[in-house]
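With the sequences and hints as input, model every part of the structure.
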Amino acid sequence: MDFPPYYLDHLAGGRLIIGLIASIHVLINHPLAVGAYPLLVFMEWRGHKLNRPDLDQLAYRITFVVFLITTTVGALTGVGIWISTSLFAPFGIGSLLRVFFWGWFTEWIVFISEVILIMWWFLSWKKADTPDKKRKHIRIGVALAIMSWITMAIIVAVLGFMMRPGEWSQTRTFIDAVLNPLYLPQLLFRTSFAFMTGAVFIWFATFFFTKGKQGGARSWVVERLSHVVTVATIATAIFGIWYWQAVPESMQANKSVALLSQQFSHWHDKYQWILGATVITFFLVGVIGVTSGRLLPRWALLIPTFLGIWMLGHFERAREFMRKPWVIGDYMYSNGIREDELAFLQSEGILKHATYVTHREVTPENRIEAGQDVFMISCSRCHSTTGLNGVIEKFTTMYGEESWNDDGMMLFIQNMHQTRTFMPPFPGNEDEAKALAAYIQSLRGTGETLHGAQTVGIRLPEPAPSPPPSPKD
Amino acid sequence: MTSPDLFSILARTPVPRDLELPLPLPEPVLTVLLVLLFLLHIFFVNLMVGGTILVTFFEILGLRRPRWDELGYEIAKTVTVNKSLAVVLGIGPLLCINLLYTIQWYSANALTGHAWLLIIPLVTIAFLLAYLHKYTWHRWNTGRWKQLHLTIGLISLLLFLAIPVIFLANVNLMHFPSEWAKVKGFFSSLEPGNVFPRYVHFLLASIAIASLFMVGWFGRKSYPIERLEGFTRPGLKRLFLKGTAFPTAAQFIAGPLLLFTLPKVGITTSLYQVILAGASVGLLVTWLLFREIRKSDDHVGNRYIPICFLFSLVVLGMGSGRQIYRQAALSEHKQEIADRTASYESALAEFRATHEATDTEANSKPAGETLFANCAACHAPEIQLVGPSLAEIAEIYAGNPEGIVAWAKAPGKKRPQLPPMPPFNHLGDEALHSIAVFMLEKAGK
Chain A
1 MDFPPYYLDH
11 LAGGRLIIGL
21 IASIHVLINH
31 PLAVGAYPLL
41 VFMEWRGHKL
51 NRPDLDQLAY
61 RITFVVFLIT
71 TTVGALTGVG
81 IWISTSLFAP
91 FGIGSLLRVF
101 FWGWFTEWIV
111 FISEVILIMW
121 WFLSWKKADT
131 PDKKRKHIRI
141 GVALAIMSWI
151 TMAIIVAVLG
161 FMMRPGEWSQ
171 TRTFIDAVLN
181 PLYLPQLLFR
191 TSFAFMTGAV
201 FIWFATFFFT
211 KGKQGGARSW
221 VVERLSHVVT
231 VATIATAIFG
241 IWYWQAVPES
251 MQANKSVALL
261 SQQFSHWHDK
271 YQWILGATVI
281 TFFLVGVIGV
291 TSGRLLPRWA
301 LLIPTFLGIW
311 MLGHFERARE
321 FMRKPWVIGD
331 YMYSNGIRED
341 ELAFLQSEGI
351 LKHATYVTHR
361 EVTPENRIEA
371 GQDVFMISCS
381 RCHSTTGLNG
391 VIEKFTTMYG
401 EESWNDDGMM
411 LFIQNMHQTR
421 TFMPPFPGNE
431 DEAKALAAYI
441 QSLRGTGETL
451 HGAQTVGIRL
461 PEPAPSPPPS
471 PKD
Chain B
1001 MTSPDLFSIL
1011 ARTPVPRDLE
1021 LPLPLPEPVL
1031 TVLLVLLFLL
1041 HIFFVNLMVG
1051 GTILVTFFEI
1061 LGLRRPRWDE
1071 LGYEIAKTVT
1081 VNKSLAVVLG
1091 IGPLLCINLL
1101 YTIQWYSANA
1111 LTGHAWLLII
1121 PLVTIAFLLA
1131 YLHKYTWHRW
1141 NTGRWKQLHL
1151 TIGLISLLLF
1161 LAIPVIFLAN
1171 VNLMHFPSEW
1181 AKVKGFFSSL
1191 EPGNVFPRYV
1201 HFLLASIAIA
1211 SLFMVGWFGR
1221 KSYPIERLEG
1231 FTRPGLKRLF
1241 LKGTAFPTAA
1251 QFIAGPLLLF
1261 TLPKVGITTS
1271 LYQVILAGAS
1281 VGLLVTWLLF
1291 REIRKSDDHV
1301 GNRYIPICFL
1311 FSLVVLGMGS
1321 GRQIYRQAAL
1331 SEHKQEIADR
1341 TASYESALAE
1351 FRATHEATDT
1361 EANSKPAGET
1371 LFANCAACHA
1381 PEIQLVGPSL
1391 AEIAEIYAGN
1401 PEGIVAWAKA
1411 PGKKRPQLPP
1421 MPPFNHLGDE
1431 ALHSIAVFML
1441 EKAGK
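For the protein sequence lines, the chains are A and B, in the order given. Following our numbering, the numbering of the first sequence begins with 1 at its first residue and continues without gaps. Following our numbering, the numbering of the second sequence begins with 1001 at its first residue and continues without gaps.
Rather than coming from a laboratory, the hints here were simulated on the basis of the structure. Worth double-checking, as some hints may not be accurate.
In silico contact screen, one side only, chain A against chain B (beta carbon under 7 angstroms); selected entries [what the hints assert, rightly or not]: (1) L68; (2) L87; (3) G94; (4) S95; (5) L97; (6) F101; (7) V115; (8) T210; (9) E341; (10) F344; (11) T397; (12) M398; (13) G408; (14) A453.
Derived DEER-like restraints, expressed as beta-carbon distance ranges [stated by the list, open to error]: (15) B:N1400 - A:V287: 54 to 62 angstroms; (16) B:G1230 - A:K213: 41 to 49 angstroms; (17) B:I1396 - A:V287: 52 to 60 angstroms; (18) A:D129 - B:G1143: 30 to 38 angstroms; (19) B:V1200 - A:H451: 31 to 39 angstroms; (20) A:V287 - B:P1026: 56 to 64 angstroms; (21) B:V1029 - A:E448: 46 to 54 angstroms; (22) A:D129 - B:E1027: 27 to 35 angstroms; (23) B:G1230 - A:W102: 50 to 58 angstroms; (24) A:W102 - B:E1226: 47 to 55 angstroms; (25) B:K1182 - A:E361: 21 to 29 angstroms; (26) B:T1261 - A:D407: 53 to 61 angstroms; (27) A:E448 - B:E1441: 29 to 37 angstroms.
Everything numeric in this text was worked out from a predicted model, so none of it was measured. Note that CB positions come from ideal geometry on N, CA and C, so glycine has one too.
Written as structure tokens, this is what we have:
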């Protein structure tokens, strides 16, 4: 309520865009940066030791592809997470930044070194033409692989902080994040996932750069990487299960989130199946590769890849979901209302204390307009009006197509946190709940699109009539 | 509408509340970090944008005389590296400005929302095109292919020229909260303040800094100059010294234009002092540059290091000037925000103090009634809301509260026209029992 609301109707308020950007980022970062760099360095090193320029050449070509993707889409989606969250949830990212500044600052420094190393490694490849220079070159690659893993390890810690409610306010140390019961399983799970998918990526890319003759670079890659895939898949399964078991336990600690049984158990079951399916296909690919690698056609590698993408997508979505209704556990709700100000706002009214609203108080004449502002403040970070995850659709599932009872809606709104614990409590007073119900009723008739500040600008209340503008010197 | 009304509407400045959490670092430290990290970032942005301008310029010259084409390629190779540094180095100052100007920065972002978000795909495309341009340079070098190649270069140049406008719009808009109410979409955000003089200033600086970088790049001993047929090391040094000197001289027109079009709010004497100090060093640098150009082949570029040093001082002066302006322009707004935040927080504290006192008393309220709030959204005494009315429930479960408890823990699916009821296992048996008793009681009345 203190930031002009950026809002995309029909796109669940725009949250989907954050999700999309973050997912692309993770899907590039894990297989290509964390997984593929060390494997490519390994190929380069073997090529050097065994004196096989074909391996070196192949590693170089695949690195070129990885280099192009990570330094464009990969890097920009990373920045994009900052940009998109600052639009959709400035209160959240702004507060998180004040708490986890050093975590992000450290991550930034590591990230800079990662970017410098990837450019140095790739661009100096052809210049390393003596054994001595080659050895040094390989060492750059090793440093790169370590740095990209550390970047991920720090980010996972920061994410862990965000999910661990309450604690940071007392301690706020980095070690707490690492002690989070989800940290280790999550880190190991992501690492093995990265190796599993990174290996399949290199394997897949190899088809495009080699002829596949007996004893050539391709059979070397298939033989080695199928082993990597097999081992990493087993690790993914083990750590995935560990994570799966650690989640409910850690959610118990978070009393209010633990309430959300239905949605969560649904997710939990689904995770189990996707993890199972993914692991089995990767495992099959790995084992066939180990035993009779030359038989495996390139398209067969796409199946586990898509499953892997699906699994990670599901994993990230669930991670976001588990945070609900909080943006920072036990401190701030997803709509920017702080836990400690809730009762105050419920008794005083949010319109009175908000900045970007048209009316300060609900009257019979302005009910619908005021209700729209109430919607923007309290619901728009998760719901659209008539579009995706729209309130109209949601109320229709509850009340059906016939006329909706105003009092019933009001009661639902005022108790929405108790009944649907992934939603924050309604932050306004009774009049505002009525106004919101009136707005939703009118919206149902008009279906009018609600615009965000990025197109229609901000809404400000009429200046208070009594005190004349005091001339400032 | 009478004119005072109009005035009060036009002059309305939003005064939001700040976030409650304290800053992780003292404000002065963050300010110094912001200025330094920003300059580091903008240095690589200059190399990226200025470099791309040079690349395109030389590629076009190269259509007639091939030696320029090769020079363009050599510069393109530096651009693809510098652009990556420009991006990663942007995050640090972004963190700092988010902390120091939370309200103003995020508000400007939201008001220019679509454009701000477009930065991500636009920069990604620009980068991909820059790679395509570089890696096809010697393959797509004849006839139609060359035209295509040049077109790709031009598109990426246009993107590199457009993206800074979005950033400048944000940096500019954040300074003028009194104008926010007038902004409706990105293009109207360009109206307040002086985005375009800033832009001209930035472009000239980009060309100058990229050229100055090239003096060192081609001038260093380890650069294999034989790669560039038709060029000599001193010749290149002189060429790029000119590329630095002329745009820098032009800043003596663009700079004052920028300064005098700045809205009054942030203008202070210390701003003038810092800018004038920077400008006088700038004058010295310009003079040195022109002197350097006229030197003989043996001596041209000998003063490179001192020139770079003085140039950094100029940049530091301009960067500090920006910050001084920003601080002055926003000091009143920041104070108003701090006041409003403080009065809100104290009202809140007062409320909580009295509330907590009454809270303990309220605990004596019958538990069933309070806990029924969990169900009230869907169950009302007489009418059917989402679920059946209490009257209907009481008929089924009269004298059997345990039945309600069992149902609430694991609701079944009975009425086809109604949605399923969520389970309430988490409330626990005891609570559910008191709810059930209350429900039956209430329905009985």
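Comparing the hints with the structure gives:
1. Taken as an interface hint, L68 (chain A) checks out: its beta carbon lies about 6 angstroms from the nearest beta carbon of chain B, inside 7 angstroms.
2. Restraint check, L87 (chain A) versus chain B: the minimum CB separation of about 6 angstroms is within 7 angstroms; hint holds.
3. Hint status for G94 (chain A): holds, given a least beta-carbon distance of 5 angstroms to chain B, under 7 angstroms.
4. Look at S95 (chain A): its Cβ gets to within about 5 angstroms of chain B, closer than 7 angstroms, so that hint holds up.
5. At about 6 angstroms, the closest approach between the beta carbon of L97 (chain A) and any beta carbon in chain B falls short of 7 angstroms, and the interface hint on this residue holds.
6. The beta carbon of F101 (chain A) is positioned within 7 angstroms of a beta carbon in chain B (closest approach about 4 angstroms), and the interface hint is therefore held.
7. For the restraint placing V115 (chain A) at the interface with chain B, the shortest Cβ-Cβ distance is roughly 5 angstroms, inside the 7 angstroms limit, so the hint holds.
8. At its closest, the beta carbon of T210 (chain A) sits 21 angstroms from a beta carbon of chain B; the interface hint therefore is violated under the 7 angstroms criterion.
9. The closest approach between the C-beta of E341 (chain A) and any C-beta of chain B is roughly 6 angstroms, which is under the 7 angstroms cut-off, so the hint is satisfied.
10. The restraint placing F344 (chain A) at the interface with chain B holds, with a minimum CB-CB distance near 5 angstroms, inside the 7 angstroms limit.
11. Because the smallest distance between the Cβ of T397 (chain A) and any Cβ of chain B comes to about 6 angstroms, under 7 angstroms, the interface hint for this residue holds.
12. Interface hint status for M398 (chain A): upheld, as the beta-carbon distance to the closest one in chain B is roughly 5 angstroms, under 7 angstroms.
13. A least Cβ separation of about 4 angstroms between G408 (chain A) and chain B falls short of the 7 angstroms threshold, and the interface hint therefore holds.
14. Here the hint on A453 (chain A) is kept, as its CB sits about 5 angstroms from the closest CB of chain B, short of 7 angstroms.
15. Remark: the range hint 54 to 62 angstroms for N1400 (chain B) to V287 (chain A) is upheld by a beta-carbon distance near 58 angstroms.
16. Take G1230 (chain B) and K213 (chain A): their Cβ atoms lie about 45 angstroms apart, and the range 41 to 49 angstroms holds.
17. As the Cβ distance of I1396 (chain B) to V287 (chain A) is approximately 57 angstroms, the hint placing it in 52 to 60 angstroms holds.
18. For the pair D129 (chain A) and G1143 (chain B), the beta carbons lie near 35 angstroms from each other, so the given range of 30 to 38 angstroms is met.
19. Restraint check, V1200 (chain B) to H451 (chain A): a C-beta distance of roughly 33 angstroms satisfies the suggested window 31 to 39 angstroms.
20. Between V287 (chain A) and P1026 (chain B) the beta carbons are some 59 angstroms apart, a value that agrees with the proposed interval 56 to 64 angstroms.
21. Between V1029 (chain B) and E448 (chain A) the beta carbon distance is about 48 angstroms. The supplied range of 46 to 54 angstroms therefore holds.
22. Checked against the hint of 27 to 35 angstroms, the pair D129 (chain A) and E1027 (chain B) fails, with Cβ atoms roughly 52 angstroms apart.
23. The hinted window of 50 to 58 angstroms between G1230 (chain B) and W102 (chain A) holds, with their beta carbons roughly 53 angstroms apart.
24. Distance hint for W102 (chain A) and E1226 (chain B): a CB-CB separation of about 49 angstroms, consistent with the stated range 47 to 55 angstroms.
25. Distance hint check: the CB atoms of K1182 (chain B) and E361 (chain A) are about 26 angstroms apart, consistent with the given range 21 to 29 angstroms.
26. Checking the proposed 53 to 61 angstroms range against T1261 (chain B) and D407 (chain A) shows it holds: the Cβ atoms sit about 58 angstroms from each other.
27. Hint check: E448 (chain A) to E1441 (chain B), Cβ distance near 44 angstroms, so the stated range 29 to 37 angstroms is violated.
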